[in-house]
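Undergrad: One line per chain: the protein sequences are R and L, in this order. Residues in the first sequence are numbered consecutively from 65, following my numbering. Residues in the second sequence are numbered consecutively from 15, following my numbering.
The hints are simulated quantities; they were obtained by calculation from the structure and are not laboratory data. Mixed in with the good hints there might be a few duds.
If you anchor each label on the Cβ, the simulated ranges turn out as follows [unchecked claim]:
1. 496(R) with 155(L): 56 to 64 Å
2. 364(R) with 280(L): 41 to 49 Å
3. 407(R) with 166(L): 22 to 30 Å
4. 246(L) with 153(R): 19 to 27 Å
5. 114(R) with 144(L): 47 to 55 Å
6. 69(L) with 496(R): 33 to 41 Å
7. 507(R) with 255(L): 50 to 58 Å
8. 280(L) with 288(R): 20 to 28 Å
9. 93(L) with 428(R): 49 to 57 Å
10. 331(L) with 502(R): 22 to 30 Å
Just so we're clear, the structure is a prediction, and the values are computed from it rather than from any experiment. Each residue gets a CB set at the ideal place from its N, CA and C atoms; glycine is no exception.
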Amino acid sequence: MTTIPQGAHAVRDQSAAATETTADDADPKLPPPVVYLDERFGVAKGFGLFKKVFPDHWSFLLGEIAMYSLIICLITGTFLTFWFVPSMGHVIYDGSFVPLKGVGMSEAYASTLDISFDIKGGLLIRQLHHWAALLFIVGIALHVARVFFTGAFRKPRELNWVIGTILSLLACVEGFAGYSLPDDLLSGTGIRAMNGFMSSAPVIGTYMTFFVFGGEFPGESIIPRLYIAHVLLIPAILVGLFAVHIFLVFWHKHTQYPGPGRTNTNVVGFPLLPVYTAKAGGFFFIVFGITALISALVTINPVWAYGPYDPGQVTAGSQPDFYMWFSDGALRLLPGWLEFELWGFTWSFNIFLGSLLLLPLVWTILGVYPFIEQWITGDKREHHLLDRPRNAPVRTAVGAAAISMYLVLAIATINDIIAIKLHLSINDITVALRVLFFVLPVIVFMVVKRLCLSLQRADRETVLHGTESGRIMRTPEGRFYEVHEELNEFDRWHLVQHEAQRPLSLTAGPDTDEYGVDRPVGPLESLRRKLSDFYFKDRIEPVTPSELAAAHHHGEAEALPGGTAQAIEESVDRADETAGLRSDDRP
Amino acid sequence: MSDDQIAVHEPHAKPTTYVEPGPADRFENPGLPPHRPRRADVDDAAAKRAERQVTTLFGLSILGTLGFIVAYFLVDPNLRASILVIGHVNLYHVILGLTMAISLLGIGLGAVHWAKTLMPDTEIVEERHLQASDQEARDEAAGILSQGYRSAQLHRRPMLLLTAGGALGLFALPMALQVAGGLGPLPGDTLNHTVWRKGMKLLIDPSGTPLTPEMVTQGSVIHVLPEGFAGESSHGEDGPSALEIMEVKATASVLLVRLNPELIQSQKQRDWSVDGIVAYSKICTHVGCPVALYERQTHHLLCPCHQSTFDMTNDCEVIFGPAKRPLPQLPITVEDGYLVAADGFAEPVGPSFWERGE
Chain R
65 MTTIPQGAHA
75 VRDQSAAATE
85 TTADDADPKL
95 PPPVVYLDER
105 FGVAKGFGLF
115 KKVFPDHWSF
125 LLGEIAMYSL
135 IICLITGTFL
145 TFWFVPSMGH
155 VIYDGSFVPL
165 KGVGMSEAYA
175 STLDISFDIK
185 GGLLIRQLHH
195 WAALLFIVGI
205 ALHVARVFFT
215 GAFRKPRELN
225 WVIGTILSLL
235 ACVEGFAGYS
245 LPDDLLSGTG
255 IRAMNGFMSS
265 APVIGTYMTF
275 FVFGGEFPGE
285 SIIPRLYIAH
295 VLLIPAILVG
305 LFAVHIFLVF
315 WHKHTQYPGP
325 GRTNTNVVGF
335 PLLPVYTAKA
345 GGFFFIVFGI
355 TALISALVTI
365 NPVWAYGPYD
375 PGQVTAGSQP
385 DFYMWFSDGA
395 LRLLPGWLEF
405 ELWGFTWSFN
415 IFLGSLLLLP
425 LVWTILGVYP
435 FIEQWITGDK
445 REHHLLDRPR
455 NAPVRTAVGA
465 AAISMYLVLA
475 IATINDIIAI
485 KLHLSINDIT
495 VALRVLFFVL
505 PVIVFMVVKR
515 LCLSLQRADR
525 ETVLHGTESG
535 RIMRTPEGRF
545 YEVHEELNEF
555 DRWHLVQHEA
565 QRPLSLTAGP
575 DTDEYGVDRP
585 VGPLESLRRK
595 LSDFYFKDRI
605 EPVTPSELAA
615 AHHHGEAEAL
625 PGGTAQAIEE
635 SVDRADETAG
645 LRSDDRP
Chain L
15 MSDDQIAVHE
25 PHAKPTTYVE
35 PGPADRFENP
45 GLPPHRPRRA
55 DVDDAAAKRA
65 ERQVTTLFGL
75 SILGTLGFIV
85 AYFLVDPNLR
95 ASILVIGHVN
105 LYHVILGLTM
115 AISLLGIGLG
125 AVHWAKTLMP
135 DTEIVEERHL
145 QASDQEARDE
155 AAGILSQGYR
165 SAQLHRRPML
175 LLTAGGALGL
185 FALPMALQVA
195 GGLGPLPGDT
205 LNHTVWRKGM
215 KLLIDPSGTP
225 LTPEMVTQGS
235 VIHVLPEGFA
245 GESSHGEDGP
255 SALEIMEVKA
265 TASVLLVRLN
275 PELIQSQKQR
285 DWSVDGIVAY
295 SKICTHVGCP
305 VALYERQTHH
315 LLCPCHQSTF
325 DMTNDCEVIF
335 GPAKRPLPQL
345 PITVEDGYLV
355 AADGFAEPVG
365 PSFWERGE
């Protein structure tokens, strides 16, 4: 059966002519350059790769945004190195930006001003670089969220998830190193704070700062060292890990959303040539183009407005780039009493917790999550079909709660801005955020879990009772009811395809054996059962065929109190129809 | 709540294995839905239209690229203009950015539109295979490994493996040691002192004017550097290097405020002041930002980085925020009419560090 799109009038007259384009070139020849390469490298053997199928979904583009932003950063960053001077040597500025003429500053800052004012188009490249870096991390964050909430991290992709988490941490560190390079007042303040973070490390803190800064703060080493980390060390690891990351996507084949025809053992989508070459290649240019558009119209990091770094100066409202907000916010929320003297040494947990410990901690939790969930479910199967987030209510709620914690910390970074804009006391805001950090995740967890369960119930409703058709029927007695239209089997499959995970306490059998003797359960296993209960105790099972059949027998009669025998007969007929459809269509 | 819906319950299953939910009563995957052709698949006019749209977009891209090149050479780089909503901008930058955006978006949108309207949209099914190899392949791999292990005689001479492992585990240490050892000097007690010494004049930052008590009026806050590190005196041939000045600013910056002497609460604070004029380290005891905001009415000092708040009337104790320790006070006195340091700081200034309490 072919449905004809609206407005395709040409088909009416010549429906026979309306066929798919087929290969009319019956005897294709390999182009000479490919023949040349094939003779040397055997490339023709690898051309099967172009037939590789990728599934289509907008949410798969989020990772692509990150990938393309990384490429834009690499291109623009390479250009910037031609002009940027990574030196803290002292110069007197003599460029074309009048307000800073004659001011003493580092060569790094002076060369950044030159890029912005004296090199034609240099400002555009700088802005592209900074915006692409921000977009890179936004893309990563959204991509991580997509992968998490759809359960794409499950076996066999756990290790690729770990690689991804390392990549996202490196991206943040790379971003921090990058925006520290211009040596302006804002970024210098960031480096000063970094110096403070390192000092707070127990035992090795002082040594660490002296080694990283090449002596006492600020010294003359930090910019050249951050520079080589920013342009070589971290990018090399980033690009290397990213290559593995994307190779594994090819190797595993991309996950897909569940749907009719999509199974755990296939991939349904479009081939690399030509469709994905055009779509993904085109999307690179779209991402690049939008970055250019933003860079043209919205100024980011106007270093010329901040002035050169001076350790004795600071501007009110100093914030890092957004991806470091949560760490800076944590520093603002952690109370001072977390610092104490013990055994003659200073333990600065008020600083250490929010900086040196927080980052590894967040990323470690992120990295180990797949293994924890797998341990709880005991599910060792491969998963190539994604979960709809609502069908994994506790995972979705845990993720949402974690995001809410992150957001509280991030918002704490702008507590001074909020205080000024909303005329609130900064002390009240800070105290409120301290409380929210603990309370909000609990509320978010409960709300999101309930929302997921409600959405699942709504799905059941839709399957059992169909969708509203807008047709009002009148019974012979004069009663009115709206006809509900049953879902077709393709639409229905979306709502019934999943399996509701059951808690271990149910699937693992009773706590006593057949003679009524307790089975011993170790403390670890006991914890696992408890967690499994926490995850899967509340759940909504998908509709089964017999439930649907039963709904046809009972549902409509209920909807029609005092309904006539005729109405009931109708519903019975329709239920039979459905049952027939199912058995007929079985492959 | 829905435990009553559980149908599967297998009493004899092993305690930890996952049990497949019963397959009996489940809907079956109906397979791919029928393909719906797009307009351009069945309507030649629509296909023609799509082609025109794509070529137009590609054409726009070419124009954008040419526009960028023309603008690069012909537009004045210092051209400025006011744009609605956005405000005052460097027009040269905006034109370059916009033409580049057109050049890129033309290609991107054109390619995607091409793919969506004219390239095949029939979904293709590709089979997927389990990641794990079959037992035969695993056995073969095990054989290869074992053969390699035995042919290297490791099964008979375990010391080979132990020493090789030890050597490989250690060989990178010299490299690591060189890097770590060469990165910076040992801290020593650098962090315990600043350049402040007895008798050093207090100079206004940045002018370098020496301060007399009369210059410090009530309600004003003066940023101070030690003698020799501000103004003219710091620029001369034998003056400090730019690096030294930066380090002094990062450690020895001081805030000078005149308080009503009656407000001062501690005896130490009074002893180290001159007629209510007090000097405190400007470097925050949290992570080292300059504590630059002074609230005149409350005599609070606020650090703009993380909002640690210090009470100047109470020896700069922390009254809010993440800092723990008060700002260190610099003892001052008057010598020949000028304000000078009566001594250096009695404790390390700036952020906390491990050996601080020693």
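Undergrad: Work down the list of hints and note, for each, if the structure agrees.
TA: Verification of the hints:
In this structure the supplied range 56 to 64 Å holds for residue 496(R) paired with residue 155(L), their Cβ-Cβ distance being about 59 Å. The supplied range of 41 to 49 Å is met by residue 364(R) and residue 280(L), whose beta-carbon atoms lie about 47 Å from each other. A hinted range of 22 to 30 Å for the beta carbons of residue 407(R) and residue 166(L) is inconsistent with their spacing of about 51 Å. At about 22 Å, the beta-carbon gap between residue 246(L) and residue 153(R) stays in the expected band of 19 to 27 Å.
For residue 114(R) and residue 144(L), the Cβ-Cβ distance of about 24 Å falls outside the hinted range of 47 to 55 Å, so the restraint is violated. Between residue 69(L) and residue 496(R) the CB atoms are about 58 Å apart, so this pair departs from the stated range of 33 to 41 Å. At about 56 Å, the beta-carbon gap between residue 507(R) and residue 255(L) stays in the expected band of 50 to 58 Å. Remark: the range hint 20 to 28 Å for residue 280(L) to residue 288(R) is contradicted by a beta-carbon distance near 45 Å.
A hinted range of 49 to 57 Å holds for the C-beta pair residue 93(L) and residue 428(R), which are about 51 Å apart. Taking the beta carbon of each, residue 331(L) and residue 502(R) are about 27 Å apart, inside 22 to 30 Å as hinted.
The structure fails to meet hints 3, 5, 6 and 8 from the earlier list, while all remaining hints are met.
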